[in-house]
Amino acid sequence: MTHKHDKSSAFSQGVLIFVYLAVLTAVEFFVAVKLNSIQIMLLIALVKAGLVMYYYMHIYKLNTSDEGDEHSYSFKSGTNRIGLWMFLLSDSFVFGGLLVMRFNLLGLTRPHLDQNLGLLVTAVLLISSFFMNRAETSIEHGDRKGFVTNIIITLILGIGFLLGVVAVEWPRAIEEGITASSNTVGAAFFMMTGMHAFHVLTGVIFLLIVLRNGAKGLYDKHSYPVEAAAVYWHFVDLVWIFFYPALYLIGVVAG
Amino acid sequence: MKKNTVGSGLLLLFVAGAIGYGLGLGFDALINGAPNFSGSTSAAFALLFAVSAFFFGLYGYRGITRGLVWQVVGTLAGGLFISGIRALMGYKFSEIFGSFFFSEPAWVFGALVGVISFLSGVGVMDDWMKWVRGIDTHDHHEDEPGWEKYFSVSLDHKVIGIQYTVTALVLISVGGLFALIFRTELAYSQLQFLTTTFKLFNQNGPQIYNSLMSLHGMIMIVSILLGVSGIINYVVPLLIGAHDMAFPRMNAFAYWIAVPASVLLLMSLVLGGFDTGWTGYPPLSARAPVGVQMFFLGVFTAGWSSILGALNVIATVIRMRAKGMNAMRMPIFVWAAIATSIIALTATQLIGLSFQLVMFQRLFGMGFFDPAKGGNPVLFQHLFWFYSHPAVYVFVLPGLGIISELLPVFARKPLFGYRWIAMSSLGIALVGFVVWAHHMFTSGMNEYLRVPFMYSTMLVAIPTGVKFFSWVATLWKGKIETPTPMLFVLGAIFVFLLGGITGPPNAMVALDLHLHDTYWVVGHFHDTIFGGFVFPFFASIYYWYPKATGRRMNEFWGKVHFWLMTPSFLILTFGMMYIGLLGMRRRIVDYDAALGFDPTHLVMTICAFGIALSVLIFFINFFHSMKNGEKAEGNVWNSRSPEWQVPSPMPAHNYEVPFEVVGEPYDYGLPGSKYVQFITPTKKK
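Those protein sequence lines, which keep their order, are chains A and B.
Straight run, no breaks: the first sequence in the numbering used here ends on number 255.
Straight run, no breaks: the second sequence in the numbering used here ends on number 940.
Incorrect hints may appear among the rest.
Among chain B residues calculated to face chain A with C-beta under 7 Å, some are [as the list claims (entries may be wrong)]: (1) Gly389; (2) Tyr405; (3) Leu600; (4) Ala627; (5) Lys628; (6) Gly629; (7) Leu638; (8) Tyr846.
Calculated from the structure, these hints are not laboratory results.
Just so we're clear, the structure is a prediction, and the values are computed from it rather than from any experiment.
We put the beta carbon where it would ideally sit given N, CA and C, even for glycine.
Isolated chain B, as found in the complex (with noise of 0.2 Å):
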């Protein structure tokens, strides 16, 4: 039966694609006069079509399904309302429809209704609607059983976190195909497949590569604040010995938020794609095509989610610690969720005015970064970067804390200095605000302001080095196991320590005016991030996977996996480097061959397949343990942690017994010493 859904979910994705594709077609005849077979309109629309029909034929018209089906409704309701407005202002019909279809304010307030439209499609403000009228709403929802629940929403802590992480790992794929087709045309000089004679969406093949190169950036930091929430939100209740998230209702639209901001961000290639980057700066973003727009709320949405989920977090530390949980008894981890969500509660916010301002000045051309309107392009630097440069705080502090969260279980030693180590993840969090300027040395702001950030950005290194030394310190004479988690830990500790000691180099104004832009930076940041997220998060999902399904990942290929991922990452990164010391520039789809990179380059595209490979081995051993992966309902990591002291999988509502905290969290190997006793029930009532 179950199959059946999936395979039904397939063809109706084919299906429903191909009509999409063809109405697509249809409306280009109609407005352009022919139809455009590599056109936007039907790529939009298959898009569409294809992903609602998908999850139709998986799941039914309810949860997910109906709020795409509303999502896509909505967009097109919104785009033509603008549509007609414009035609009452009389505007000419090759003004109104274009060669995206809608004009671009059209795209810009459907997309705005459209995730409006989701959001109350898949039922997410339902109670909120309910307090408005009055009407009170039950506490505790029930959800309903097997994997159903995953897909329409549900106000529990621990599907929530499931819902976020199965969708980092969703994005992370797309993100990661994405790197790979550009990967591929790169492994040589010259261009192969994405010629100037190749066509899709309205784009040339460069075109394509610089569309596939900005998104593959913006998704994988979208997926990284989902994976980032994901583990926290799954964890950090449980760690406190919390029943919930302090506000539910907010968690679930904080995550189904993020569903419709995923979409927009996908449609931003097909309406004609962007070249900017990530980054998005104006000029050149106030000139893209209409898919610069798309990528601006995509990331405004996501923002949203992002910062929700902060204040939840927040929150939920602040009010719902168990007994005896005073600040210097915490887990580490949860210093580490608080740390970052201070980041992202409210740098988020720059971001999002930063695009928003990009957005206005396209479309009432209101000239905040035009300097022929006297407007500052350097501004948008300032403004972006404020979140920007925090914002790979809000990714590696969680992956640092988890680090520091297994170390512990893994050496059979107390954490060395557990108070440094809370402290640095705040210390990091808050240097980390004032060093944005450092990524626009040469940007051409006041030459002043280089010194100070300069300074501030080497601060940097000393909360870092803090840990480093106190997980050195962990080690240090440890009676070391290392299953797959440990095998993650100890990875995610090496590769971070080369993104840590490739840093300092670009603080320096004078080395930064050399490696500014060049393929140096891309290895010192894929460093950063696959030591301080990529590495933790895969060994946070070995380490409590046990706890959410009751079962084990295979052991054997998970260390496949880690022996495959490592060295092929190491590779590519240490390519990465070399040439872009030798001068290869930063997000350019050729090189000339004359300058010798081709054999790394080769290196590199080889060893990214590799690392597709063990991230696919990795989905397999994921999906397939939850029906055929060893039973483990006890304590599998010999853990002191609350969440391992009752059974495997969680129960709805937590813990059944509530806990007191009577001890130091990370005393291991010491005799006789206890971080939580389970309170027992006195006849009170």
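Pulled out of the complex, with its shape left as it was, chain A reads as follows (with noise of 0.2 Å):
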């Protein structure tokens, strides 16, 4: 199963999808900048999204029934599957009220937010998810070493991104005067952002826990932990996806 595709055509499968990530994102900067349309942003969004669910987080994979015994590792990892993606789909509610929140509180207004820390910090989540799915695919096909290279870019990329919102953004957004008590402006924004680091941070435990269990050669045959933090990985990136356009770029700025 895990070796339908050997790994440099995955490889090369995932370096084409970041491509696509990134135009897009870079489209959805331009949209916002020069039109301004929502629902052009939206579409952008979800077709990213689609992207990162199929080909980062491998959503079919949910379908594939080609166990065989109930205690074999397959079977329990297809079963650990389901659990997994039942769990992203019961916190994507709490994002899905966040962004309800956002849009209730603050309409067709912003935070007033530095534009190009925006756009870094979302690259740089971005690109860790590159790292993560090059992470993923080495595992699978044994090579550890590369793993453990890619893995630590994650994370590294990962801390960055934690860094970059919370110890950045958050004491420039103080100082321009957004804070989480003067207005609702300030609150949507901490509490998003906040509870996205949060997950951010969750998933940098998760990441040093595979990494230091993969590098002793746990994973080298039974590798769906590596796959769990992956897609796990993934869904903080793409909750990204609809958050950073909800912060970022909708509407106009907040007087």
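Build the complex from these two chains, which are given one at a time in their own frames, with help from the hints.
Written out as structure tokens, the structure is:
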């Protein structure tokens, strides 16, 4: 099942999807600047989400039915995969609720934030997903060294995103007068980025665990934990695909 | 020996309660200058100490006791940590410690640490921590024999199911006790004993009334969620022929996280209480005492129990069905469990989020629901009811599933319209997602939303009507037997019918403007919950009790339970609806004698005690029959269901010989038909 593609074609597919996502993000940014059309931005976000879900998170694996015995590793992994996706479904209701909260309170206004920084952290998270995909592909083909290298890059980028939001963006926002207690703009901004950052943090912890055990060679044969960490990491990226336009691009700056 | 353990548990309960109370008085004296005998600190310490000590006496320092002790220690450590930080930040002593001992942020953080400490203390995360370190664990853990396995972590779904059920029964009695207290106060107009001079936990009588009324709601809801999980956990793997749930450790986690959640809910009462009702609407909840934070955290943690439990159920049903059990041959209760789990898995996040937002509003001044900062209180109601309306379908769908499951057994006839019933459960679940705003017709939301939500709400009557039609058709010309479980099933149908037909009037916008927040609504939802959950819950306990214990519950006392509870309950809710229509408001401690409601209230109070007495009879029967009940090791109810084809009590790893589904599940009375066939082992190996 995991060896359906050979390694290099899986890698090149990862590159292709990354290029699509990067181009779409750039287009989204220019749509925001030039047209400010919510419909087009929503469409782009949905396409990006679809790409991530299909090519990075491999949602189609839910449908494979080639397991044998009930106690076999592939059967158990199939069950775990269903459990993980249901957890993500559940979790997405939290983020959905946050988006409802944001649009109810702020409407078509947005906080006054640094556009360059926003684009930068978005790019960092997107690139980290690319390396996560490479790490997963490596371990599935038994390449432990490639796995370790790629997951360390993912971790660095993930921590970079986290610091970019919490250690750079937050203090800057506070300098701009956007504080948690000032008004609903600040409340929505800190709640949404905070909840997302919390998920990135848990993802980083998840990746550290997977890195430690993977480096010891525990996943050479049975690599489901890496897949689970990857799917979770991509999910966090997926959430940001919607949060980024919702916080940085849509509407006009709140006065 | 065992009698001594309960005795020493109770002894320690009182001793430690007294020590905790004294300790609290000491802290009070230290911080406020004088001991406060009706204060919250002493009560909180007394509660924490007493509960932990009771389990210590009963069970020793392991399992649940260790969890509770760790929770106490964790709560104190977390609270002191935040207090220390606040001290470093230069807060004054009186701001770090106040009338509730810790300040509010310290309590919140402490409670959170306490929950995590409980989970580590009880040991439910041990295997996961081993996985993190790369150590493999066994799939099957051997449990201790006897009653002791129920007090520590077990991975067996049958043990967890019973843990859930018993916890649910404990919480039902706590919530019922609260109801009896405020029901007694309501028996006559004017304030009798919950007067303004009455002082308890820093609250006066009417405030205590509000706290008890609010907690009655939420404790009952949590107990229902646990009861639902209990029945599903015990029964679903047996019905589908699985050896356990798909994720046994998460199953145990989902149960054990509900225990500290219950402690937090009780702590909300002693930490100043709250007067918002179970809905916790801001702006009132943004101003209530610190108790409301404990309430929010308790609901939040209980919500995780519900979410993870639901996830487990869906995965189990998708992956672990017996050979030949395709979707249209699943027992009907499994369909109900799936429908209820879909709601619990997704919508529960929204009540967690809405409560979290209020918590942050209180802690950090974030103005989500504060109009002064541009916030919108109606937004809270939308987020809250997006879960809390579908939640009632989480409560009733399994109950309706039990009715459909048991009815053909006792009517000795095929279930009428199997496919329609299965689909109606899913239909109720899906329609349930788009009806939430019918709770908000008077809340000041956009008026154009009223009519669509009125129609979507009335749409719920269609799948529910399908169920009623099928039940009546199943009973039609059946050879009806009426042992206790069937009595409760019939009672459930009747009571749920009353709950059902009193619903559409509330759905009509025009009528709801009059009915909103009256006792009519209280009568309506007690009918739906009793008919949809409580009666089927008792039915399933009487029905599956022999499966779990190998003994039957006493039939005579079971019938007494039914014939005492049903009329009491009906008179109680008729009374509620009657005075509700005449204008009796919900959630108030007192009413004007001139309204003439006194006699009705008195009758209702008497009936409430009737229900309490019947439940007491049930409890005695429940515990007495474990040792002394009539032996019942075979197919007691002459059922076709697989779990009754093997001897009771159920073997540790369920079916030693797997079965195969060869026919329709409910073809009772058809000669020669068979549902399951055990696969005789072939000489493969």
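Give me the numbers of the hints this structure contradicts, sorted from smallest to largest. 2, 4 and 8
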